[in-house]
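**Student:** Residue numbers (the numbering used here), protein chains in the order written: chain A, 1 to 855; chain B, 1 to 855.
Careful: at least some of the hints might be erroneous.
Chain copies aren't distinguished; within one or between two, either way the pair holds.
[As the list claims (entries may be wrong)] Dumping the calculated BS3-like pairs for lysine-lysine here, alpha-carbon to alpha-carbon at most 25 Å:
hint, residue 1, residue 2
1, LYS809, LYS535
2, LYS687, LYS285
3, LYS78, LYS212
4, LYS283, LYS640
5, LYS325, LYS260
6, LYS441, LYS617
7, LYS285, LYS640
8, LYS316, LYS624
9, LYS712, LYS285
10, LYS174, LYS680
11, LYS441, LYS640
12, LYS260, LYS392
13, LYS392, LYS788
14, LYS371, LYS329
15, LYS283, LYS680
16, LYS205, LYS458
17, LYS830, LYS285
18, LYS285, LYS680
Calculated from the structure, these hints are not laboratory results.
Treat the numbers as computed from the prediction; the structure is a model and nothing was measured.
In case you want the letters, here they are:
2 protein chains.
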Amino acid sequence: KMVKNVDSAAEQFLDANPQFAKQYYDVNFRPKVISDLLDNSRKTALDVSKFHDLTTVEESEVLFDLVRDIQDNLQMEKSVFNLMRHLSFMLRADRMSLFMYRQRNGVAELATRLFNVSKDAALDDCLVPPDSEIVYPLDMGIVGHVASTKKMVNVPVTSFYSEFVDELTEYKTKNALAVPIMNGKDVVAVMMAVNKLDGPHFTAKDEETLNKYLNFANLILRVFHLSYLHNCETRRGQVLLWSASKVFEELTDIERQFHKALYTVRAFLNCDRYSVGLLDMTKTKEFFDLWPILMGEVPPYDGPKTPDGREIIFYKLIDYILHGKEDIKVIPTPTPDHWALISGLPSYVAETGLICNIMNAAEDEFFQFQKEPLDDSGWTIKNVLSMPIVNKKEEIVGVATFYNRKDGKPFDEMDETLMESLTQFLGWSVLNTDTYDRMNKLENRKDIFQDMVMYHIKCRKDEIQNVLNTRERWGKEPDECEEEELQEILVKSEVLPNTKKSEILEFHFCDFDHSELDLVKCGIKMYYELKVVDKFHIPREVGAPFVFTAVCLSVSTIAQKRLTGFRTKRCGDVEKKDEYTGDLKRYYTDLECMAMVTAGFCHDIDHRGTNNLYQMKSGNPLAKLHGSSILERHHLDIGKTLLRDESLNIYQNLNRRQHDLVIHLMDIAIIATDLALYFKSRTMFQKIVDQSKTYENWNDWTKYMMLETTRKETAMMMTACDLSAIAKPWEIQSKVALSVAAEFWEQGDLERTVLEQNPIPMMDRNKAADLPKLQCGFIDFVCAFVYKEFSRFHVEITPMLDRLLNNRKEWNALKEVHEAKMAEIEAAKKAKEEETAGAKQASAAQSQSKTCTLS
Amino acid sequence: KMVKNVDSAAEQFLDANPQFAKQYYDVNFRPKVISDLLDNSRKTALDVSKFHDLTTVEESEVLFDLVRDIQDNLQMEKSVFNLMRHLSFMLRADRMSLFMYRQRNGVAELATRLFNVSKDAALDDCLVPPDSEIVYPLDMGIVGHVASTKKMVNVPVTSFYSEFVDELTEYKTKNALAVPIMNGKDVVAVMMAVNKLDGPHFTAKDEETLNKYLNFANLILRVFHLSYLHNCETRRGQVLLWSASKVFEELTDIERQFHKALYTVRAFLNCDRYSVGLLDMTKTKEFFDLWPILMGEVPPYDGPKTPDGREIIFYKLIDYILHGKEDIKVIPTPTPDHWALISGLPSYVAETGLICNIMNAAEDEFFQFQKEPLDDSGWTIKNVLSMPIVNKKEEIVGVATFYNRKDGKPFDEMDETLMESLTQFLGWSVLNTDTYDRMNKLENRKDIFQDMVMYHIKCRKDEIQNVLNTRERWGKEPDECEEEELQEILVKSEVLPNTKKSEILEFHFCDFDHSELDLVKCGIKMYYELKVVDKFHIPREVGAPFVFTAVCLSVSTIAQKRLTGFRTKRCGDVEKKDEYTGDLKRYYTDLECMAMVTAGFCHDIDHRGTNNLYQMKSGNPLAKLHGSSILERHHLDIGKTLLRDESLNIYQNLNRRQHDLVIHLMDIAIIATDLALYFKSRTMFQKIVDQSKTYENWNDWTKYMMLETTRKETAMMMTACDLSAIAKPWEIQSKVALSVAAEFWEQGDLERTVLEQNPIPMMDRNKAADLPKLQCGFIDFVCAFVYKEFSRFHVEITPMLDRLLNNRKEWNALKEVHEAKMAEIEAAKKAKEEETAGAKQASAAQSQSKTCTLS
């Protein structure tokens, strides 16, 4: 009792001397308190039950505990629970609750997370498990109001709020104080205190206290919320990147592509199970399915349809099971009573295109989900998120449905966003599966046309009998004959070389004098003379049809459409490759010879009678396919296509290395016939010739040349062959030149009529009289170099150069005759002009004569 | 003085009665202090300069300020600065600094963020701007050591650390205390105090103080760090989704696709500028470029190469400028001295495939970046992040280089991750641009083959002279003639109908007796008899070649490969569509008649002599292209291809609506010739016939029928025509049946040789004797229904049914003869069996006779 009095006196003194009291406190108490609070090692939680009065609580300790809680990465709910327990004591509130804000289907709602927290409560009793959540829409209740207005409310009497939760929980809410917890402008949660214990309602002071502690609650929830958002965004990025990785792996069909992507992202989806239903994309029915409906024989479809008017038919379901033992089920043509379809949700999504986020599926009124476990594991459908997979044309191609978020909570807006990103990506990627289909179709169409082309251009069985008359002689087809039997035919029919020197080896050989069949026979002979038939095991029943087909393609089939002269210019000359190789064979291998001769046969296959420039100007698909040397690459293409046909493949018995080389040489030889490339490479040819002069020893030179394909200058060889008509005797050259000119004039006509352009003089029929002048230019600027250098290279070629020079003289003489005539006309014109103006027109008409006089 | 004594007495009392003192404090002081601290409205920062002693500092207020700082979303640096200022006072440290941890190029480093914080410092003086950062590698200095070990260090003497920063800052570090700030297991920053003011070094107590405050620093940095990570991940997701949206918009080339994606994500990249260089993908040179090098004429390339061996050539640069006025520059074939290439960095990245993250570009020793401003805006290169764009084949297709992060800091590992996700996505998406190229190539190849097919199958100019002899008669080509001139030719050559009834209208018409040319003329005649030539303005110079081409394609070209009998079966019958339409024309429109006749001409174009099943089994591209009715869809395809050629398009003067209808009818008519569909729809045909019987009035029925294409039953009409040989006089039927059978046997032979399967009896040459039995079955199960129902439909058809039944009798008779013969043989065999075992084999051989006896 005495002590009490002394205490009372001291109290009076201290009350009277606040300055002293504060000083004493700062020195003696405060450091100790703060020091204790900051001590990291002191981990024991406060025993809140011992608090007896606000003023006696070591309040700071509570705060520091909170900071440590957050720092130690503890459960958000535990930290907030501790704070709320403390708050409910300070506010004298009977209970406090925390409601988390989230959105589903674009609609906000609040869900109980901590419920009925009182100062003596235990966390486990207050933490609401996901399946016991009470969910509030924002348009009802106190908490909904707080979340909508984002402002604190103090409700003295709850009569004007219909609290349906009270009925659920059999608890009467009399008054309440609730406050929103924000992250920037977004509501994260609502905290509510109900039923003031020591008064009729919460006071202004309670509001103040709650507001003060909000900072801490905010901080806790902010870290929690940011972690959650970060986790969701990270998963979203992963889902997109992994899907992309699969989608771009290869071009494939929609089923495979979707499956690869959906399987690879399974770990990021954070749900128990998901299924994808693929929709039939058929828009219009075939007449044989449509007519029975039109005739009233079959009832028309009256089920739901996609927004673009398709009947909703799931032709395949893929079911990904992640709970328990991982499994994938593929259900082709699932029946409508399959558990994944029977609810009607996928059809609804396919019909409306809406994203549907459903919680407590078993209790859903609109869709009837299976309430029983789906399998032996006892797993049941709880929460469902379903969305359409929509392609870039806005068509729904499928429906993806996700079941039961891993943590038991319903899917929220972040899940919606993540899954939507995935389905959006998948939907867009249908461009690739559509492309795959288109590509296959295109490839098949190309193959069909290619087959048709081969059918039409290949030497027919009856045609080959003109060369290999096996029916007559042996009573069977060539491919049924022994090689000896075929050989006998070739010898008997004088196709095979006899003792006298073959005519094709003569420089003056002219195919004008030969029938198509003769040319075919000459062609076959060339292979024999090169001695490659036996060496490379060219089957005789293949070689003959190959030469027949190639020759016909270069000559007759095309000639029908074009000028007969074309035949002379294009064919034959190349066959006389032998003419040159005759001497060059020393350093050309047999394989190289065969490649070049074959290239010769193929080098003008399917020529169009017009040049590369015309293909470009007329927008021919050839020009779109090949960037340069357009026709040459086409001749090569078709030549190789012939050689891919087993019945024409003269290379079929070559080994891999030989085959690659022979094809490579053909590539070079045929492309090289593009004169544009000749101008590129002619200085190089000159260098080779120069180099050859530095060798004194003929054998050393031969050895040196044999080492490297480049040195053999296949390209210039091809040019020399292609131009050889210019070095033929004048009778031949003059005929060939006219027929080539005629082909040019035909193109000139086409340029005028089709392209509506004026042709260059060389192709202008109206300038036909200039042919001799043009030929002189052609010799001077294009041909002379080739034969001059080749003669320097091999002296045996000199006769060709001589003939070229002779032809130059002939053309020049014609040119001079023409020029004299023109001068004469001009003079006459001038004279007449001075006489009458009427004579003018007549003279002009005469100068435009369409005839080219050659002699 | 007295007061002092009283104070002293009070002090003594309080010291002696701690229980009382604490109670008094709790009641009178603590609530006030805490209340002040929690007061949100009190925003004034603490004046740290007034602190004189730790014990007198209102320490809690500092802590609560910190919490508010974080909560108010203030700058991280400001919050930490406040904490450090307070700490430097408490630790008696001369200065404190904060170093942020980050990674670049996969290597960790620390960068000064807050430097030289003392108790009196101002934030602006301590906050290090990005371009003044000092960067520490982790393998040197105290802070590097702390970040590596993740442990606090107290360094009493710094001699054993080489502090290069001291030299930079002209400050002597004597002793230091440093601690790592963690986020989970990751270092986020290092905080360091240097030079203890009131002692030789920092004490254990200082370590304790620092540790205590670490909780707060951690929390601040954690929120900061999480926000940053969340922002980066969100941007990454956006970058991927937006890129995908563009990539999947359409198939296009690499330049366009990259540009679309790179442009659309610009806002998320958070940098001033970026450029993308596209690499030449050429792997091998053309021979004409290669040879000059091999010949030593051109020096070989000795610059850097990509890992897959390509020369590094940037053929295009796209430069995105986001600082100042947004702009995009496209630089085709940039020179190596372009500012974006001159540093050598893009080439280095293209060569090594490495990601290069460079800060302070101007001072980089390895790469020479332009130090001067790039443009008038004065913008210079500071930080650079460059990385390869790699496709799924692991080839580097381009290099993306990003300049100057928006906030001035160097690019960190999050930037590397984000940009890498983008370039990875772009690289993978090259599948689509490659596909685009392949697709165009394929399309062009298809077009080339299609052109070649058309060239080969189209009626030639000289061929059409057999029908329209315009050269002989008018001295010009058909397309140069007037319609009247052509008409005159047709009349004169008796192609056009004369007075007597046309032979083709007779049921017994048999094309066996007609030449190909006759059939062409008949075909042309049909269009005239239908009176559609003038009505639908079919140009005569188009109609004749069309019929010629279609007939030849269905008959002669194909017949070369197949049986002559084929010709009878397939061609001609359909031309006699008129036979039926003759009476049905009452409710068929002229347009419908023309469509059906044209469909008849096209319905067997390019038939392969084998059936649909064979196409499937042999893997023909036709079967890959068409899922059902394979050959029928092919006939339709080629027929339409013919009609797309202007010189064959008999529909060229129809209007849009007419054209669509006529094509639609052809679709139906030609597909309907698939017998598999006949079985599907024949009950429906019966229904139509039943319905027709319910009309008493013939005109009403006609009107009813005319309303709807379905009711006219084009499909069954086509079947009736296609099967008509079965209803021809016996002489014709027996010939046709044998030729059809011969075609089947040919397929059977192919099945045996090519597919290595046993054919069905119908196609088995060894079961030829069963033909009469098979024909009976064919009549009973396929044909009878058609003609029975058609006769019910139109009484005029009855003669066909009669002949069908007659043919049935004939076949049956043959069947019985054969069966009798077989029974006889069987009996003989049995008899012989009982005699000798040797006779057995002879009998079997006889029963396998290859000959089918018909009479």
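**Student:** For every hint, state whether the structure bears it out.
**Tutor:** Against the structure, the hints come out as follows:
1. LYS809 - LYS535: Answer is neither; intra-copy 45 Å and inter-copy 64 Å both fail.
2. LYS687 - LYS285: between (70 Å within a copy, 21 Å between copies)
3. LYS78 - LYS212: Cα proximity of LYS78 and LYS212: in one copy and across copies (19 Å, 22 Å).
4. LYS283 - LYS640: Answer is between; shortest inter-copy Cα gap is 22 Å, intra-copy 42 Å.
5. LYS325 - LYS260: For LYS325 and LYS260, the Cα distance is within 25 Å only inside one copy (19 Å; across copies 43 Å).
6. LYS441 - LYS617: between (29 Å within a copy, 18 Å between copies)
7. LYS285 - LYS640: between (42 Å within a copy, 21 Å between copies)
8. LYS316 - LYS624: between (40 Å within a copy, 22 Å between copies)
9. LYS712 - LYS285: Between copies only: 19 Å across, 64 Å inside.
10. LYS174 - LYS680: neither (99 Å within a copy, 76 Å between copies)
11. LYS441 - LYS640: both (23 Å within a copy, 17 Å between copies)
12. LYS260 - LYS392: both (20 Å within a copy, 16 Å between copies)
13. LYS392 - LYS788: Classified as neither; 64 Å inside a copy, 52 Å across copies.
14. LYS371 - LYS329: within (20 Å within a copy, 61 Å between copies)
15. LYS283 - LYS680: between (56 Å within a copy, 21 Å between copies)
16. LYS205 - LYS458: Answer is neither: 103 Å inside a copy and 100 Å across each miss the 25 Å cutoff.
17. LYS830 - LYS285: Neither way: LYS830 and LYS285 sit 79 Å apart in one copy and 59 Å across, limit 25 Å.
18. LYS285 - LYS680: Between copies only: 15 Å across, 59 Å inside.
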